[in-house]
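In my numbering, the protein residues as written are 502 to 903.
Keep in mind that the hints were calculated from the coordinates and are not lab data.
Warning: the hint list may mix true and false statements.
[As the list claims (entries may be wrong)] Taking lysine to any residue and the SDA-like style, the derived pairs with C-alpha atoms no more than 20 Å apart in a straight line are:
| # | residue 1 | residue 2 |
| --- | --- | --- |
| 1 | 596 | 643 |
| 2 | 771 | 810 |
| 3 | 691 | 747 |
| 4 | 735 | 767 |
| 5 | 596 | 532 |
| 6 | 596 | 639 |
| 7 | 834 | 810 |
| 8 | 691 | 704 |
| 9 | 874 | 837 |
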Amino acid sequence: MLDIEDVRAARDRIEDVVRRTPLDHSYTFSQRTGADVHLKLENFQRTGAFKIRGALNKIRLLSEADREAGVVTASAGNHAQGVALAATTEGVDAKVVMPEQAPISKINATRSYGAEVVLAGADYDAAAEHAHELEHEEGRTYIHAFDDYDVMAGQGTIGLEMVEALPALDTVVVPIGGGGLISGIATVLKAETDARVVGVQAEGASAVAESLRKGEPVERDRVDTISDGIAVRKTGEKTFPIIEERVDEVVTVTDAETANALVALLERSKTLVEGAGAVPLAAVVERAFDYEDDETVVTALCGGNIDLNVLTTVIMRGLVESGRYLRLRTVLKDRPGALEQLIEVIAGARANIYAIQHDRTSRDIEMNAADVKLDLETRGHEHVVELVDALEAHGYEVDILV
């Protein structure tokens, strides 16, 4: 099984390429939660995520013959970029299989780092099946995204940086997909500290949490989450025993909670992360596990490679969940001044109008009426209630659409 010396050796092997990322104290989230919250900003790593650590460690351990034959891997995006850059750095040919629905930004980034990209399968597991076919057909070395001790050792170098920057840490919160990252970090923390290790999964991709409950690895039929970086149907054969032994607790968060954390990081900490990077903070903010006031908590923000289309959706979802964006519908009498009167009520309630759709032709209303939909900026859930109450007090029937 992986041990601390493997991780220390990995750091010596990769430190000339890999960045030592910041560990920042967050006043905002410390105040919000009561804990002493620190953010490990691995979204500032080369390629925008931690994956280059394990990929480079693995490639630098290959024999000359294996380097000549090239490497192949499967990934939803971050491991793809890590392998691509690591292989290019070492002069090794790389072929990367990505799911057909992988974010276009991650596909383009992987190609830009020098790898050949093959799109195959609906998710990571299907892509991995195709990658293994290429492994056998072309004699390449398969670099697993998580179920490989050399890869885990590289990811574990994050744990060394955490301990050195903050020796008195109490709890470290780490996202889990297949388990490579948390296996490496937990190996360091259990060898070097008395700290607790908490893993976090998306509710729609909770294979590890389910496996721990059943006492054996289980495979989900499907995954469904905005956190594509941890959208894995099953844990690894090598990672699962390490998680069982060295991880204290595994919890889950919803996509809505993840979206809220992502938006809060962007707005308050000026830090952009992807869904997988936001789940540890979501678990802290939502108290998915118990912690004490003033407990020193480190969250591993593992990556920042979010597709812009996904980011737009997540921001809107986060604003809706926090009561800061509202779409509503009402019906007006089709007469001069009716829309102006509605706007005056909204302005009196101090809501800001993004957009108005005014439709006299809808078949769902009377001939002498107008169907009106409004997109509004609000200040929170209490403000939404105040606004709706004000509209209803003026005789408007209101349907909240979003």
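Ascending list of hint numbers which this structure does not respect: 4, 5, 7, 8
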